[in-house]
Amino acid sequence: MDNKELQKANARLVWRIVAIAVLMFGLGFAIAPYYDAVCSYFGISGRVNEASSEQTMQVDASREISVEFVSVVNGQMPLKFRAETSKLKVNPGQYYTVNYYAENTSDKKLVGRAVPSISPAWLSAFLKKAECFCFSEQEFEPHKERKMPVRFVIDPAVQADAKEMTLSYTFFDITEKSQTIKN
Amino acid sequence: MSVATHDDAHAHDHHDHGPAKGFMRWVTTTNHKDIGTLYLITGLIMFFVGGAMALVIRAELFEPGLQYVDPHFFNQMTTLHALIMVFGAVMPAFAGLANWMIPMMIGAPDMALPRMNNWSFWLLPFSFVMLASTLFMDGGAAAAGWTLYPPLVLQTGNALPFTVFTVHMLGMSSIMAAINIIVTVFNMRAPGMTMMKLPLFVWTWVITAFLLIAVMPVFAGAVTMLLTDKFFGTSFFNAAGGGDPVLYQHLFWFFGHPEVYILILPSFGIISSIIPTFSRKPLFGYASMVYATSAIGFLSFIVWAHHQYTVGMPIAGELYFTYATMLIAVPTGVKVFNWLATMWKGAMTFETPMLFAIAFVVLFTMGGFTGLMMSISPADLQYHDTYFIVAHFHYVLVPGAVFALFAAAYYWLPKWTGHMYDERLGQLHFWLTTISVNICFFPQHFVGLAGMPRRIPDYAVQFAEFNAMSSVGAFVFGFSQLIFAYVIYKAIQGGEKATSEVWEGAEAHGLEWHLSSPPPYHSWTEAPPKEIISDLH
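Listed in order, the protein sequences are those of chains A and B.
Mind the numbering: the first sequence is residues 1 to 183 in my numbering, read in order.
Mind the numbering: the second sequence is residues 1001 to 1537 in my numbering, read in order.
Among the hints, erroneous ones may be present.
Reference listing, derived: stretches of chain A covered by chain B, where coverage requires no fewer than 3 residues with Cβ under 8 Å from a Cβ of chain B [what the hints assert, rightly or not]:
| # | stretch |
| --- | --- |
| 1 | 30-36 |
| 2 | 86-98 |
| 3 | 110-122 |
| 4 | 164-173 |
No wet-lab data here; the hints were simulated from the structure.
What you are looking at is a predicted structure, and each value in this text was computed from that prediction instead of being measured.
Note that beta-carbon positions come from the ideal geometry of N, C-alpha and C, so glycine has one too.
The whole structure should be built from the sequences, with the hints applied where relevant.
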């Protein structure tokens, strides 16, 4: 190969490799929505964000699953957050409503978002919510308490060895973010 | 020898211009040997900087309780020690070897893209100055560990954007070096130097270069997301905005796992060059070495989540990543077997490079076994984030990657400088290093299994004896490296003249031994004769 040809061949190869590098940079960003899609498909990482319409299911009265309700406040958010009951025995196929209460202990209006998490993760697909405060942003007036219901059912298709599960909500303070959007 | 004479005469005939004089020679150079030297010296300096940070860590851990530094500074030290050793010491040192050796090994006059080569080196000093400057910023340097996990890393003060830009610059530098290596090897080989004739050092570097090109951009993307999450209100990793910090872990380890192979594959190449020379035999199983390296490179992309077993994953995921990870032991075992088979019935001698190479095979294999233990997800729950993992990756990186670099430096130093190094000091360096590295890291297996967590400046008193041992080992190891620096300095200054072959019978093992020692500033300006290439084994 003479010099000119070699330089041409080098340049061609360089641009091919650069193209791979650029593609991989893009792929990093493309993974973000893909990851979301995979997580909501499997119902993991708290990504059950949609209400499933209430439907009549065959109630399996022979089985009882104990569901624990956990409430967590992230960081320094001035919120008193609790569930009305810490534990409930439920029959698969039957709808239940459990109320969560949150009180804004500050003098300012708060906006929060609750992120759910179900444990063990492989049971999360069977817990279906007809109504949940986690589907939208929640506003809290200063020093007021609010009642927020969760209406859910456990799909009777859940595997036989499922005895216990935990439904946990973590409230994140998004007051600043939602204000920047409003202004 | 006749060929070497031929080359000397050739250099004389053309009156090749030598290097320019003075400091500007190093700033403006496009010569692969000069750039290789710059990379190697940078690697050595950063090795001492990162090592000093390690000694701060080990001094603090010598006794339980807090003695010398506050916990926040301790965390900055663990973070910067790792970033500097990975990106500042080991990677530049390998890039330096690639620059020096690849053109000489494949019979090319220089790297394919000399100007880009200059740029890719000169990005490094600036990025390291920027990284070091973060220590003096409001809020201190990044302290969340080298993995830079959110949300913890988002608590970093002013240092965060500087750390992220450092990663961008180091990434650009590595990608340019990788492009240069691939183009050089694909397009610039001497006639007769087919792909399956390439020395294994060249092969392992080609695969490393592909790994770099595939994963450095992903890491650059992930840290960019950290930056926009912190300053521009995006929510890639922010649960409040619908993001997920676990996504960062997936992105990071999709980069991070191939990255640890970027740190070890060139070592495999170096060891595969040294063991045949000092066993006076051809490398056993050349083709299987090439395929094993490629297999390791491929597998490195599909095992990343074994770093995240404790984070939570569907059971099918845990099983998949366990089996896929264990699979890596197969090609790695092929390599270790081949090195042993090369030594089998060889006429072995034990000069310093060979000593380091043998220590590499033994100690790297031990590090590999602890890796195999942690690949098993139920067992990993006990080992995760303890000193056991610290012992594991230091065994594969210090007596692994760093020993290979020592071996390479001793092996090629006579070729580079034209002078034999001081063998007595070399052996002293070897024994001090090998004994102290084990005193330093072996006890960490025990404290890790007993539950001592990593990245914590204080610990329960039951771990005191092993930690004291470990610290003594670390200090002996650290100061022994001054011998290494002195040996290099001495060989550059002068000493017994090295022949072009340097090691008995080395001519059969590579083209670089057919050039004079030191080689002319411009070597292989005419391709080496086909006969010597076909005579290589």
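Cross-check of the supplied hints:
| no. | hint | result |
| --- | --- | --- |
| 1 | 30-36 | holds (count 4) |
| 2 | 86-98 | violated (count 0) |
| 3 | 110-122 | holds (count 4) |
| 4 | 164-173 | holds (count 3) |
Checked against the numbered hints above, the structure violates only hint 2.
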